[in-house]
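As they're listed, the protein sequences go chains H and D.
The letter at position 96 of the first sequence is residue 95 when you use numbering that gives the first Met the number 0, and the numbering goes up by one with no holes.
The letter at position 203 of the second sequence is residue 202 when you use numbering that gives the first Met the number 0, and the numbering goes up by one with no holes.
Derived from the structure by calculation, the hints contain no laboratory data.
No experiment lies behind these values; they were computed from the predicted model shown.
Using N, Cα and C, we set each Cβ at its ideal position, and we do this for glycine too.
Don't take each hint at face value.
As the list claims (entries may be wrong) - Under 7 Å between C-beta atoms, here's a sample of chain D residues computed to sit facing chain H: (1) Ile9; (2) Pro10; (3) Leu13; (4) Arg14; (5) Asn21; (6) Asp25; (7) Leu35; (8) Glu46; (9) Ser119; (10) Asn123.
Unchecked claim - 25 Å max Cα-Cα, derived SDA-like pairs, lysine to any residue: (11) Lys53/D with Pro32/H; (12) Lys132/D with Lys182/D; (13) Lys216/D with Val253/D; (14) Lys87/D with Glu28/H; (15) Lys28/D with Glu99/H; (16) Lys87/D with Thr66/D; (17) Lys136/D with Ser57/D; (18) Lys36/H with Asn17/D; (19) Lys96/H with Leu35/D; (20) Lys28/D with Ser106/H; (21) Lys28/D with Asp204/D; (22) Lys128/H with Glu28/H; (23) Lys28/D with Lys128/H; (24) Lys53/D with Val108/H; (25) Lys96/H with Ile146/D; (26) Lys53/D with Glu99/H; (27) Lys36/H with Gln95/D; (28) Lys182/D with Ile237/D; (29) Lys28/D with Thr100/H; (30) Lys141/D with Thr102/H; (31) Lys28/D with Thr102/H; (32) Lys128/H with Val42/H; (33) Lys141/D with Pro32/H; (34) Lys86/D with Glu28/H; (35) Lys141/D with Glu99/H; (36) Lys53/D with Val42/H; (37) Lys96/H with Leu69/D; (38) Lys86/D with Leu31/H.
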Amino acid sequence: MATVVTTEVFGIENYPSVKVVVFRGQIDESNLPEVSKVLDAFVIDPATKQINQETKYIVLNFNELSFINSKVIGYLASLYSTASEHGKKLLIIVDPKENETITDILSLVGLTTIIDHYPNLEEAIEVVKTDIEQDK
Amino acid sequence: MTSEQIRIVIPSDLRFSNTIRNFVGDLLKVLDVQELWVNRMILVMDELFMNAVKYGSSGIQDNVYVTVDLLENEVVFYIEDMGTGIKKVDPEDLHQIIGVNRDDPSLAKTSGRGLSMIVSNWTNGYNIEKSEKGGIKITVRKQLEDIVEKPKSMEQVTLESMPDVAVVNFSEKFDVHDSEREKTLIRDVEESDKAMFIFDLHHLDYVNSVFIGLLAKLFNIISKKQGRVVIINISDTIKDALKLVGLTDIIPVVQNLEEARHALSGV
C-alpha cells in the first residue's frame, strides 16, 4: 500500500562538495517528508541549523524513479530556490529515453527550464567538475 | 467495447494514493493505452485523489469515490469527495483556484497549479460540480483513439520465388487483450488476394489457447478461399501443443520455406 522510495547518497572522489542522490521507486506526498529530510540537510545542517558548508552541488538522479506528482515538483522548485539563495547548485539527472515519465512531468510544469538537467551521471559530474575547477 | 462502469471506494488517506495509481495503471493497460499515456493518466488521477483527500475530507473515516465509465472511444473518470474538509471549497472556488494558479508562474505554488496544468494538458476536458456525496465531483474525459496502441497488422510478405504465397510472420503471441490485433489479422487474411499462406512461427516460444483458436479460425477462412496453409519454423513445444488439439492434422507442419513451397505446390 505504502509508496516506497529508496535513496542512495554518495560522494565524488576528490570533490567533497558534491553529493549525488539516486532515487529508486515512487515519491508522493506520503513519503516526501523522508525525501526532503535527506535533501534539506544538504542546504541546512539539521544538527547546527546552520548552512551546510560542506555541500555545494546537489545532484539528483531520477533515472530510476517511476513516479512523482505536483507536490514533489513544488518541493523541488522550493529546494532549488533555497539552495540557490545559499550559493548551492541543484542539478537533475534524467534521460528522456530512459525515463520518459519523469521527463514528461518535469517538462510539463517547466522545471527543466529552470534547473540544469543531464541525461546521465557522467555528463552531470563533468559539468560540476568544470565549474569547480573554474572557481579555483 | 460498449459502455461499462467500474466503481471503487477508497479511504480518504494519502497513503492510499498508490492504490488509485495501480488501479488506473492496470485499467488503462487492459485497454492497450500507450505507456506514456498510462503514466500521464496515473498522474492525473493521483492529483485528483490528492485534491479530494486534502480539501474534501476530514480523515480516513471518510471515503473518496472513484467511478470509471469505459465508453466506445473514451474513458471517463469521476472522483468525488464527501465535502468534510476543514476549508470548504465549492465548485466555483475550485474553478477559480485552478484558473488563477494555472497562470501563476510560481512553480512552488502547486495545489491548484499541478491539478490545472496536468488535468488541462493531458485530458480532453474536465468538469467540476457538486457531488451527491456531499463534496465536489470532478469529471475528466480522455479520448482513446490517439492514445491506444495501434493493432499490429500481420506482416505479410510475398516472396519473389513464390508470388502467389503470403508469408505471415507471427512476431508475438496473442493473448486475451489482443482482440483488435486478432480482428486485424483475420481481416487481412480474408482480404488478401493470396490463397496460399505460410505461417512462420519462428519468433514464438510458446502459444496459448487464444493463439490456437486464432490458427483454427484462419485455417477456416483460408479453406473457404479454396486456399492452403502450412506452418514453418515451429518449436517442439508449440508443435506438441498444436498436435494435442489436433491442429497438425489439418495444417501441415514443415521445416522451412523450401519445404513449404513444395507442400503448397503439391510437388
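Here is what the structure says about each hint:
no., hint, result
1, Ile9, "violated (11 Å)"
2, Pro10, "violated (10 Å)"
3, Leu13, "holds (5 Å)"
4, Arg14, "holds (5 Å)"
5, Asn21, "violated (10 Å)"
6, Asp25, "violated (15 Å)"
7, Leu35, "holds (6 Å)"
8, Glu46, "holds (6 Å)"
9, Ser119, "violated (11 Å)"
10, Asn123, "violated (16 Å)"
11, Lys53/D with Pro32/H, "holds (16 Å)"
12, Lys132/D with Lys182/D, "violated (42 Å)"
13, Lys216/D with Val253/D, "holds (20 Å)"
14, Lys87/D with Glu28/H, "holds (21 Å)"
15, Lys28/D with Glu99/H, "holds (17 Å)"
16, Lys87/D with Thr66/D, "holds (23 Å)"
17, Lys136/D with Ser57/D, "holds (16 Å)"
18, Lys36/H with Asn17/D, "holds (21 Å)"
19, Lys96/H with Leu35/D, "holds (12 Å)"
20, Lys28/D with Ser106/H, "holds (24 Å)"
21, Lys28/D with Asp204/D, "holds (23 Å)"
22, Lys128/H with Glu28/H, "violated (34 Å)"
23, Lys28/D with Lys128/H, "violated (43 Å)"
24, Lys53/D with Val108/H, "holds (21 Å)"
25, Lys96/H with Ile146/D, "holds (19 Å)"
26, Lys53/D with Glu99/H, "violated (28 Å)"
27, Lys36/H with Gln95/D, "violated (33 Å)"
28, Lys182/D with Ile237/D, "holds (23 Å)"
29, Lys28/D with Thr100/H, "holds (15 Å)"
30, Lys141/D with Thr102/H, "holds (21 Å)"
31, Lys28/D with Thr102/H, "holds (21 Å)"
32, Lys128/H with Val42/H, "holds (20 Å)"
33, Lys141/D with Pro32/H, "violated (33 Å)"
34, Lys86/D with Glu28/H, "holds (19 Å)"
35, Lys141/D with Glu99/H, "holds (20 Å)"
36, Lys53/D with Val42/H, "violated (29 Å)"
37, Lys96/H with Leu69/D, "violated (31 Å)"
38, Lys86/D with Leu31/H, "holds (23 Å)"
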